[in-house]
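Chain Y is fixed; fit chain S with the ligands onto it per the hints.
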Amino acid sequence: MSYLKPLFSHPKLPKNKLGYTLKEYEGSLSTLCAGCGHDSISAAIARACFELSIEPHLVAKISGIGCSSKTPTYFLGNSHGFNSVHGRMPSVATGANMANRDLVYFGVSGDGDSASIGMGQFVHVIRRNLNMVYVVMNNGCYGLTKGQDSATADQGSKNKSGSINPFQAIDLASMAIELGASFVAQSFSGDKQQLIPLLKAAIKHPGFAFLNVISPCVTFNNNPGSTKSYDYVREHIEATSARDLVPGKEEINVSYDAGKSTHVELHDGSEIQLNKLALDWDPEDRNSAVNALQKARAKEEILTGLLYVNTDWKDLHRTLNTTKTPLNQLKENTLCPGVKTLGQINEGFR
Amino acid sequence: MNPRINDFIVRFANVNGTGSASANYLFAKTVFRMGVPVTPKNIFPSNIQGLPTWYEVRVSERGYLGRREGIDLMVSVNPQSMAKDVLNVKAGGYFIYDSTKKLNPDYLREDIHYLGIPMMEMANGAFEDPRKRQLLKNIIYVGALARLLAMDEAVVRTLIEEQFHGKKSLVEANYKALDLGMDYVEKHYSYPLDFRLEKRDLLKGKILVDGNTACGLGAVYGGATVMAWYPITPSTSVAEAFEGFCKQYRKGEGGENNYAIVQAEDELAAMGMVIGANWNGARGFTATSGPGVSLMSEFLGLAYFAEVPAVLIDVQRAGPSTGMPTRTQQSDLLAAAFASHGDTKHVLLFPATPKECFEMTAESFDLAEQLQTPVILLTDLDLGMNDHVSDPFYWDVKRKYKRGKVLTAEELEGIGKFGRYLDSDGDGIPYRTYPGTHPTKGSFFTRGTSKDEYAAYTEDGAAYKRNMDRLTRKWDTAKGMVPAAEVNLSSQSGAVGMLYFGTSTFSSEEAKDLLEGDGVAVDSIRIKAFPFGKEVVDFVESHEKLFVIEQNRDAQMRKMLIMELDCPPKKLVPVLNYDGMPITADSIRQQIIQSLDPKKTSNHELSKTAV
Ligand SMILES: Cc1ncc(C[n+]2csc(CCOP(=O)(O)OP(=O)(O)O)c2C)c(N)n1
Ligand code: SF4
Ligand SMILES: [Mg+2]
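Chains Y and S, in that order, are what the protein sequence lines are.
According to our numbering, the first sequence is numbered sequentially starting from 71.
According to our numbering, the second sequence is numbered sequentially starting from 7.
So here's chain Y without its partners, still in its complex pose (with noise of 0.2 Å):
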């Protein structure tokens, strides 16, 4: 059972641009077991839609099936969500994206719902360059299932029953950007200084935004041995990019080591303040990118942060010259050829 969670707010709470707080960006109270790491990334996708003044009800949020994919009724309570099935996301948030070209796009799944069934739609949907932002909650295992080894699950690795897992694993973010994802980032669902920001920089991204986050299954992959539990992410971190989103037009208050930062400016002038720690790694490289993940790898590190980004590349509605009004607007008057016209057609094929 979801359960609604009382609608009491504080009259003390901070409210953004719209006016709203942060509850009006919450959901039903969540079923997954206490200390989830998927709870945490849905609490930051609500306050990164908070912070940036997004209307919630012009979000939709669309997702497979799994307990990643149950999440999109924990926020955005006001959105519309569509839980569609196992894998197939990416093509139902791409019929949704054709219908309407101006909502905000939430592609929610897992390293199962991705990594597995839904390996071919996850490719394809990164090679149309759709504009959405698709995040993995990436645990290692099959949550709902209860805790098979999954794709992602690093060879080595240990699952709650003691077995190790043979086979190599399946690097999503080094795929992405192999595949041409024109925004690929890496964290961590403990880690909400990092994950706000890039969800933010996320949303802003004109074109297809790949977020895997690595979120531990606290029931089946939080043991010792495995490589997606809480103690061994946070030992085996490591930081790269992404300080924050700064919208356009707006301050920029927060402060930054000049010497080693440089911007990526956004589509409506926001721009996303990145952090070079590796002197050889340009967030707007492919090449450097992919190799800074490998090295990264070699080290048994997990590499976090913006790892590439490039707001160039058409999205599918710019790549098929679409309307700018959405489809799903468009009436008759517009759809129809007419009776007149028909009956120039009829005289075609005469």
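None of these hints come from the bench; they were simulated from the model.
Heads up, a few of these hints could be off.
Okay, derived cross-link-like pairs now, SDA-like style, lysine to any residue, Cα gap no bigger than 25 Å in a straight line [as the list claims (entries may be wrong)]:
| # | chain 1 | residue 1 | chain 2 | residue 2 |
| --- | --- | --- | --- | --- |
| 1 | S | Lys173 | Y | Arg420 |
| 2 | S | Lys257 | Y | Thr395 |
| 3 | Y | Lys410 | S | Thr414 |
| 4 | S | Lys404 | Y | Leu400 |
| 5 | Y | Lys410 | S | Lys210 |
| 6 | Y | Lys410 | S | Val412 |
| 7 | Y | Lys401 | S | Val403 |
| 8 | Y | Lys394 | S | Val412 |
| 9 | Y | Lys394 | S | Asn264 |
| 10 | Y | Lys401 | S | Lys406 |
| 11 | Y | Lys401 | S | Thr414 |
Only part of the chain Y face toward chain S is listed, based on derived beta-carbon distances under 10 Å [unchecked claim]:
| # | residue |
| --- | --- |
| 12 | Thr101 |
| 13 | Cys103 |
| 14 | Ile132 |
| 15 | Asn148 |
| 16 | Asp172 |
| 17 | Gln191 |
| 18 | Arg198 |
| 19 | Leu390 |
| 20 | Gly408 |
| 21 | Thr411 |
| 22 | Gly413 |
Now the in silico label distances, taken between C-beta atoms and shown as ranges [unchecked claim]:
| # | chain 1 | residue 1 | chain 2 | residue 2 | range |
| --- | --- | --- | --- | --- | --- |
| 23 | Y | Leu249 | S | Ser300 | 26 to 32 Å |
| 24 | Y | Asn86 | S | Ser300 | 47 to 53 Å |
| 25 | S | Gly348 | Y | Glu354 | 47 to 53 Å |
| 26 | Y | Gln218 | S | Ala89 | 58 to 64 Å |
| 27 | Y | Leu249 | S | Ala415 | 35 to 41 Å |
| 28 | Y | Lys401 | S | Tyr400 | 20 to 26 Å |
| 29 | Y | Gly226 | S | Ala415 | 53 to 59 Å |
| 30 | Y | Ala104 | S | Asp349 | 34 to 40 Å |
| 31 | Y | Ala104 | S | Ala415 | 48 to 54 Å |
Ideal placement from N, C-alpha and C gives every residue a C-beta, glycine not left out.
Relative to the frame of chain Y, chain S with the ligands by itself:
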């Protein structure tokens, strides 16, 4: 002997990929323009180049548009299939071949006539460009047919001009080839043959078009804006037609597209996109064939249970599996009607003509949105990929799209708590909202899991059952909304009936006439949709014996009737054809006579009964 006018069959035997299609079409279209009913059928291989392909044209003054057996004239330009082609000619018929090479004596039959025409030799002599020679060789045989069958020469010439948009050099080359064929016949043979064409005015207002083109156009008129598809014969040309018409009629002033077409990575994705688009308030559709329907099943169940509209055009081909991918069948009925697991069933429509392909495609969007469920249009390769003489496409000036029960922001303001799955009207159809409608009201979660009336997840068995029962109510509502069956109670006795649908229609109607000639009067009903309406129930109940005519092995329509109407199986007699070729009137007649009186039909002669 009096010549046989406007009643014969010509078959062209060609090699796939040699440009024969436009020459053969030229022949069929000439017959059409002469005002004579004509039915061309492509019989083609699953291959791009090299394998045999046939084009069969039935000419029927009486307007019978189904296929029939018995070839009167074979135009054989494919050495590969010649041995078989010779055998397929009816006794007394004609065999035209390219006499550039001597005919193999093995192919000689006593009972048919041979008309050798040195097509290759003439083409080589007249045209320089080797590629042109190949193409124009085909026009040479059209020229020969023009004389042999008394085709209207002026019509042929006009059609050639139209085809090349008056491009002088091409038109002249084609004329030259045409003349070569005509001259050769004039010099060497007596013409016209004892069966031939004669101008008529039987096709007033009619059009000649294939069903897939009609479906593509129907989707444009029906207001589809999102199309997702994955290539598969014989449905591909639906997507191509839709795109072609969109380019003509769906461009904004700045050249922007008022549509989006996505070639998906597979049929699963295509159906997912269609569902996403419809969920978001756009009319989306896809077209596929059997293998695609199998892949779409899980999604179809989601759309049924989550109540999202979707339109699927299934252009059926011969299954199972890859089956005979370029042959026709009506064999996806059960797969489509019950696609997906659990208690799932879908609305089906059965067009029989291009006009109905157009209308029913447009209507399927209304039905899908009004009923908030998938609607599957079951056409087939025969209807989809062959040209058919059809009534013209019709659109009512006053027609408005029926978008179903969708609440606007103002309406949401006016109601209390929004319940997505509440049956407020008692017809089983709830109200829905599009994403983005209202800042605080009307949002809900769409899911394939069980939910209560307010769209909240629940595992409460009573709530689940209430929802399933409401879906049954909706199904009952659908029975009164889908196109009604066409009933013909002309037999007086009312004892025996024929039931058919889709492309079995033409041959069934012809068989009905044949049976009348045999002294057997039958009533008939043409099914246009599933679920079956009251008129179907009444027809089945009131007849003692019903012949269910369909093109599959397992008598799938018959099974659906038994399941849905709970009628005694014994009274429904299957009349089937499943060899991949369209069913013929003669076969229907024979099966029915056999069943009514097994003694009567021991060994009847084809050519006599085939009108
Ligand atoms: C077609 C299909 N096959 C199998 C399942 C069963 N199933 C439900 S969730 C799931 C795995 C989910 O794993 P993941 O996407 O990683 O989500 P998590 O629960 O770990 O967040 C599976 C196999 C299903 N729902 N549908
Ligand atoms: S099983 Fe694991 S993934 Fe699922 S809710 Fe519990 S902790 Fe989260
Ligand atoms: Mg998982």
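Checklist entry - Holds or violated: threonine 411 (chain Y) as interface residue toward chain S, Cβ cutoff 10 Å? => result Given a least distance of 7 Å, the restraint on threonine 411 (chain Y) holds.
Next on the checklist: So, as I understand it, the hint says glycine 413 (chain Y) touches chain S; can you test that by seeing if any CB pair is closer than 10 Å?
Outcome noted: At 8 Å from the nearest chain S Cβ, glycine 413 (chain Y) passes the 10 Å test, so the hint holds.
Checklist entry - Are the Cα positions of lysine 394 (chain Y) and asparagine 264 (chain S) separated by 25 Å at most? => result holds (9 Å)
Checklist entry - Could one say that the CB atoms of glutamine 218 (chain Y) and alanine 89 (chain S) fall in the range 58 to 64 Å? => result holds (60 Å)
Checklist entry - Do the Cβ positions of leucine 249 (chain Y) and alanine 415 (chain S) conform to the proposed distance bound of 35 to 41 Å? => result holds (39 Å)
Checklist entry - Are the Cα positions of lysine 173 (chain S) and arginine 420 (chain Y) separated by 25 Å at most? => result Status holds; Cα separation ~21 Å.
Checklist entry - Range hint 34 to 40 Å: satisfied by the CB atoms of alanine 104 (chain Y) and aspartate 349 (chain S)? => result About 36 Å separates the Cβ atoms of alanine 104 (chain Y) and aspartate 349 (chain S), which means 34 to 40 Å holds.
Checklist entry - Okay, leucine 249 (chain Y) versus serine 300 (chain S) on CB: inside 26 to 32 Å? => result Once the Cβ atoms are compared, 28 Å apart, the range 26 to 32 Å for serine 300 (chain S) and leucine 249 (chain Y) holds.
Checklist entry - CA of lysine 404 (chain S) to CA of leucine 400 (chain Y), is that 25 Å or under? => result holds (18 Å)
Item to check | Cβ distance range 20 to 26 Å for lysine 401 (chain Y) and tyrosine 400 (chain S), holds or violated | outcome: holds (22 Å)
Checklist entry - Measuring from the C-beta of threonine 101 (chain Y) to each C-beta in chain S, is the shortest one below 10 Å? => result holds (8 Å)
Checklist entry - Can the restraint linking lysine 394 (chain Y) and valine 412 (chain S) be considered satisfied, given a maximum Cα separation of 25 Å? => result holds (23 Å)
Hint compliance for this structure: hints 3, 6, 13, 31 are broken, all remaining hints hold.
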